[in-house]
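Visitor: Following the hints, complete the assembly by docking chain B onto the known chain A.
Protein sequences appear in the order of chains A and B.
According to this note's numbering, numbering within the first sequence proceeds without interruption in unit steps and concludes at 153.
According to this note's numbering, numbering within the second sequence proceeds without interruption in unit steps and concludes at 184.
No lab work stands behind these hints: they were computed from the structure.
Ideal Cβ positions, reconstructed from N, Cα and C, are used throughout, including at glycine.
Just to be clear, a hint being listed does not mean it is correct.
Among chain B residues calculated to face chain A with C-beta under 10 angstroms, some are [said to hold, decoys possible]:
| # | residue |
| --- | --- |
| 1 | Y42 |
| 2 | D54 |
| 3 | R63 |
| 4 | L65 |
| 5 | Q123 |
| 6 | A125 |
| 7 | E145 |
| 8 | G146 |
| 9 | F168 |
| 10 | T176 |
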Amino acid sequence: MISCSRSDEIQKTLTAGRWPLAASADLREHVSGCRSCAELVRVGAAFQQDRAAMVQAKRLDSPSLLWWRAQLRRRQAALEKVSRPMWGAQVTAMVLALCVAVGFLWYLLRDGGLQGTLRSVMIGFGITPLLGMVTLLAVLMGGVVVYLTLERE
Amino acid sequence: MTTIWPQAAPAALNEAVTAELPMDNGAFAGFYERTARPLWAYLARSSGDQALADDLMQESFVRFLCADAPTDGDVEARRYLFRIASNLLRDHWRRPVAASIEDMPEMAFAAADTTAGWDARAQLAPALASLRPRERQMLWLAHAEGYSHREVAEIMGLGSASIRLLLFRARRKLATLLEKGGRA
Chain A
1 MISCSRSDEI QKTLTAGRWP LAASADLREH VSGCRSCAEL VRVGAAFQQD
51 RAAMVQAKRL DSPSLLWWRA QLRRRQAALE KVSRPMWGAQ VTAMVLALCV
101 AVGFLWYLLR DGGLQGTLRS VMIGFGITPL LGMVTLLAVL MGGVVVYLTL
151 ERE
Chain B
1 MTTIWPQAAP AALNEAVTAE LPMDNGAFAG FYERTARPLW AYLARSSGDQ
51 ALADDLMQES FVRFLCADAP TDGDVEARRY LFRIASNLLR DHWRRPVAAS
101 IEDMPEMAFA AADTTAGWDA RAQLAPALAS LRPRERQMLW LAHAEGYSHR
151 EVAEIMGLGS ASIRLLLFRA RRKLATLLEK GGRA
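Next comes chain A alone, as it looks inside the complex:
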């Protein structure tokens, strides 16, 4: 890599828009004899011209719309951050409710007494205790899923 000691000076002159008219005669003479600096000038001048033309031609939209969009997004993010612990609490409550429901069902479907009667009724209708438990759980879970989905939306 061959780099000239005057390349920084040339780069500054180009960026400031002083090339070639406001550049010193000494610098112009150097560029005409230095390959690296000539390349730098060729590339730098092309970029400066292009940038000036593009910047001039660009029509901008109102910044208010972006401001409003940013505010909306920031508030949405903040609300999501706040509602995350609430979501956790809801899930915990649902799991606890499910455990209680399963325990209660287990208690009902045991042999003897009221439980035995209920069991015999279920068997009379062709429902095995296991199927009854699964159906009841499915109904419960279905309600939970519907609730959580609607709440998320």
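Guide: Chain B in isolation, oriented as in the chain A frame:
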């Protein structure tokens, strides 16, 4: 119905709803006026797609406002904005799409500036099309925006040690192309 808002609302929720942006509307309007056009030019030339540049420019400003961007100085804020835009460009190029930006710039660049005549600017567009996106980005930042090697490295997320060599090679490649009239 009993109104509980805002007195009984949890403090965190209240804070969330009234979340303020780091820059007020007036300050942002001034910053936008000063930086939007150069940012758009950078995105348009790096991507070769003006519609994409429009989208990425808007997204850059929204992300800039949503992030806790440095607002104490224009130079810092501007550099931060260019970094966001560079990340968005990189994400765009990484996304697997049928019409990748890597495949299209030649046509996109050739279509632009056909009326500009045979000057350096007219040669620049087709010459840039022959370069890799990363080369276009670093050349634009260094030569159009006037950023130092360290700043270019910071904006593009590259090591500052390698940027000097990468930039030198890209510049040599582009200078050769410009010498030939912009065509590879």
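Visitor: Evaluate each hint against the coordinates.
Guide: The hints, checked one at a time:
| no. | hint | verdict |
| --- | --- | --- |
| 1 | Y42 | 9 angstroms, holds |
| 2 | D54 | 9 angstroms, holds |
| 3 | R63 | 8 angstroms, holds |
| 4 | L65 | 3 angstroms, holds |
| 5 | Q123 | 7 angstroms, holds |
| 6 | A125 | 8 angstroms, holds |
| 7 | E145 | 8 angstroms, holds |
| 8 | G146 | 4 angstroms, holds |
| 9 | F168 | 5 angstroms, holds |
| 10 | T176 | 8 angstroms, holds |
Of the numbered hints given earlier, the model fails none.
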